[in-house]
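S.K.: The listed protein sequences correspond, in order, to chains A and B.
So the first sequence is numbered by the working numbering: it starts at 330 and just counts up by one.
So the second sequence is numbered by the working numbering: it starts at 36 and just counts up by one.
Derived by calculation from the structure, the hints in this document are not laboratory data.
If you're wondering where the values come from, they're calculated on a predicted model, not measured in any experiment.
Virtual Cβ for every residue (Gly too), placed ideally from N, Cα, C.
Take these hints with a grain of salt, some might be off.
To be verified - Stretch by stretch, here's where chain A covers chain B in the computed footprint (C-beta under 8 Å, at least three residues):
#, stretch
1, 185-192
2, 272-283
Stated by the list, open to error - Calculated pairs, DSS-like style, for lysine-lysine (alpha carbon to alpha carbon, straight line, at most 30 Å):
#, chain 1, residue 1, chain 2, residue 2
3, A, K577, A, K357
4, A, K333, A, K595
5, B, K275, A, K526
6, B, K275, A, K384
7, B, K275, A, K499
Unchecked claim - Computed far set for chain A versus chain B, every beta-carbon distance over 10 Å:
#, residue
8, G425
9, E441
10, G452
11, E531
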Amino acid sequence: MENKPFIHVQNLSYAYVGEDDRPIPVLKDLSLDIREGEYVVILGHNGSGKSTFAKLLNLVIDDYTYAEGTILVDGVDVMSPDLTDEEVLDLRKNVGMVFQNPDNQLVATVVEEDVAFGPENLGIPQPELRQRVDQALATVGMSAYAHHEPHRLSGGQKQRVAIAGIIAMKPRCMIFDESTAMLDPVGRREVLETIEKLNREEGITVISITHYMDEAARADRVIVLSDGKLLLDGTPGEVFTHSDTLRKAGLDLPQCTAVAQYLITKDLPVHGEINTPEQCAEAILNAWKKM
Amino acid sequence: MKGFAFGQYYPANSVLHRMDPRAKVICAVAYIVASFLCKNTFSFVLLFVSAFALILISRIPLKVVLRSVRALIFIMAFTAVLNIFWIVDTAEGAVPLVEFWIIKIYTKGLYHAAFILVRILAMVIGTGLFLTYTTTPIALTDALESLLRPLAKIKVPVHAFAMMMTIALRFIPTIMEETEKIMSAQKARGADFTTGSLAKRAKALIPIIIPLFASAFRRADELATAMECRCYHGGEGRTKLRILRYHARDFLGMLWIILFIAAIVTLNILGARFGWLYTM
Ligand SMILES: Nc1ncnc2c1ncn2[C@@H]1O[C@H](COP(=O)(O)OP(=O)(O)OP(=O)(O)O)[C@@H](O)[C@H]1O
Ligand SMILES: [Mg+2]
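Take the sequences, apply the hints, and build the full model.
M.R.: What follows is the structure in structure tokens.
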């Protein structure tokens with residue numbers, strides 16, 4: 330937990346196997362470390378390789394014909410050919426993944442049974458199984474819906490059930506692959522708050538892939554991929570100062586950061602890190618008071 | 036598709052609803068066996084009475100139960116008529132009730148027809164009340180998985196079938212909803228599903244079926260990935276959140292069925308010994 334990173338990626342290159350066994354290069358010479366407890370957002374244009382990277386981390390992809398470099402998760406070489414079945418299960422348990430479409434991740438016809446699906450697969454006996462399910466549902470604020478049918482829930486509620494299903498496996502890291510993309514603003518806020526709570530209160534490492542810049546602004550760290558290469562890596566404040574680089578990578582600044590930068594070019598003295606609407610309003614208010 | 040309920044499950048507060056689904060499967064099978072054991076008027080009368088007793092116990096309105104009987108009315112009528120005309124009483128001194136041309140109807144035929152009707156009625160009502168009306172499809176799946184588990188030893192993929200059932204039950208409402216969405220989308224593009232010849236209407240369904248299939252395959256693919264991420268690796272070493280447990284009422288239910296079968300067998304034997312009324 331101290332010095333050794335939870336996820337260590339070194340010179341990772343990855344290509345899918347295309348027609349005629351030709352490689353389709355996706356990731357190019359990627360190196361990065363993610364420490365336990367971090368809240369990392371990964372940004373990048375469509376097709377930049379974000380999902381591919383995520384899928385490599387928890388072994389959803391297991392064709393390593395054109396893979397180079399190393400990925401260590403908790404010290405275990407993910408791409409090693411001689412992983413035992415137990416090691417694979419253990420890796421998957423430790424790195425949980427929530428996907429985009431909430432409908433296509435729920436397996437059971439009753440909410441609580443769906444949440445139990447993961448731990449059931451892990452062979453968790455009663456009464457611990459029951460405790461885990463109840464706790465996971467409480468964490469995402471869905472205890473009242475334990476006996477409902479998933480298809481009658483709202484998108485945000487379904488996504489929170491999917492998250493509970495992962496939490497119940499007690500993972501150390503959770504990856505969210507555009508998990509808010511199909512939700513309305515209310516659903517998005519519910520899910521984001523849940524993600525942040527997991528990170529702050531349970532100490533779970535969060536890797537969140539998104540196209541929403543305001544979600545990136547709330548993270549500890551932002552990683553920008555462009556054409557499979559690492560473009561930028563730093564705190565939201567650091568990354569957002571490179572507005573030209575971001576624009577070239579097909580990304581925009583969060584609106585409030587863009588507003589602040591525009592005001593600065595007009596010689597309005599707005600200072601400090603401006604990534605959220607609150608920070609923006611505060612800075613403008615201060616500048617206005619000084620005038 | 037908000038009010039859509041799958042199957043015929045009819046929520047009510049009765050012993051039958053509360054019984055363990057495995058006990059209910061066993062009772063249903065025993066009840067069918069009992070209906071086949073019936074041989075004479077007395078045992079059939081007992082069977083008939085028992086079917087209505089079951090309806091009373093289940094607290095499901097008679098109207099609802101008779102709905103599933105109505106679906107079988109044609110088959111029932113057909114078998115009854117067939118029996119009436121087919122049965123020939125070979126007993127000495129048996130005189131046909133009605134006789135014209137090559138058709139002879141005996142009293143025995145009438146009894147047989149009635150017997151068969153009662154048997155079908157009892158089987159439909161019995162399985163309905165033990166299984167579909169009082170047990171949710173998912174509980175039924177659990178019960179079958181649990182009861183058939185010994186077959187896994189001879190390599191029957193019991194767990195896989197149960198998983199398939201569960202996923203089907205989970206996705207039927209989702210896919211129904213999707214069908215409606217696609218239909219509205221195609222209607223908005225001017226598709227017409229309600230007029231024209233049968234061939235034309237069938238053709239109009241193609242633009243619905245193709246996107247539906249495409250989406251179902253995509254769903255299946257994503258679901259498989261999600262299940263893998265959640266450490267699914269077949270039924271081996273799996274535990275279950277909901278553990279089925281037998282209660283006193285389940286043993287009592289099965290005891291009743293055993294007594295019922297005993298009563299029917301007794302009536303059969305007594306009937307044969309004393310020549311009571313008609314025997315099959
Ligand atoms: N199974 C596959 N086989 C071959 N090529 C693939 C496969 N999956 C993805 N790709 C290709 O790899 C590239 C990267 O895809 P990936 O899904 O990782 O991008 P992404 O950054 O997640 O994009 P998005 O923002 O659209 O989700 C794309 O060009 C895509 O076409
Ligand atoms: Mg993606």
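S.K.: Please verify whether K577 (chain A) and K357 (chain A) have alpha carbons no more than 30 Å apart.
M.R.: At roughly 18 Å apart (the allowed maximum being 30 Å), K357 (chain A) and K577 (chain A) satisfy the hint.
S.K.: Three residues minimum, CB to CB under 8 Å: does the stretch 185-192 of chain B make the cut for coverage by chain A? Let me know.
M.R.: Per the Cβ count (0), the hint is violated.
S.K.: Does the claim that E441 (chain A) lies off the interface hold, with its Cβ farther than 10 Å from every Cβ of chain B?
M.R.: At about 7 Å from chain B, E441 (chain A) fails to clear the 10 Å cut-off, so the statement is violated.
S.K.: Between K333 (chain A) and K595 (chain A), is the straight-line Cα distance small enough, at 30 Å or below?
M.R.: Since the Cα atoms of K333 (chain A) and K595 (chain A) sit roughly 45 Å apart, the hinted pair is violated (cutoff 30 Å).
S.K.: Would you say G452 (chain A) is clear of chain B, with no C-beta pair closer than or equal to 10 Å?
M.R.: The assertion about G452 (chain A) is violated, with a minimum of 4 Å to chain B.
S.K.: Regarding the pair K275 (chain B) and K384 (chain A), is the alpha-carbon distance no greater than 30 Å?
M.R.: 28 Å, holds
S.K.: Compare the distance between the alpha carbons of K275 (chain B) and K526 (chain A) with 30 Å, and conclude whether the hinted pair is satisfied.
M.R.: 28 Å, holds
S.K.: Within the stretch 272-283 of chain B, is the number of residues with a Cβ closer than 8 Å to a Cβ of chain A three or more?
M.R.: The restraint on the stretch 272-283 of chain B holds, since 7 of its residues have a Cβ under 8 Å from chain A and three suffice.
S.K.: Quick one: work out the minimum CB distance from G425 (chain A) to chain B and report holds if it exceeds 10 Å, violated otherwise.
M.R.: The assertion about G425 (chain A) is violated, with a minimum of 7 Å to chain B.
S.K.: Can we confirm that no CB of chain B comes within 10 Å of the CB of E531 (chain A)?
M.R.: 18 Å, holds
S.K.: Are the Cα atoms of K275 (chain B) and K499 (chain A) separated by 30 Å or less?
M.R.: Holds, at roughly 17 Å.
Against the hints set out earlier in the document, violations occur for numbers 1, 4, 8, 9, 10.
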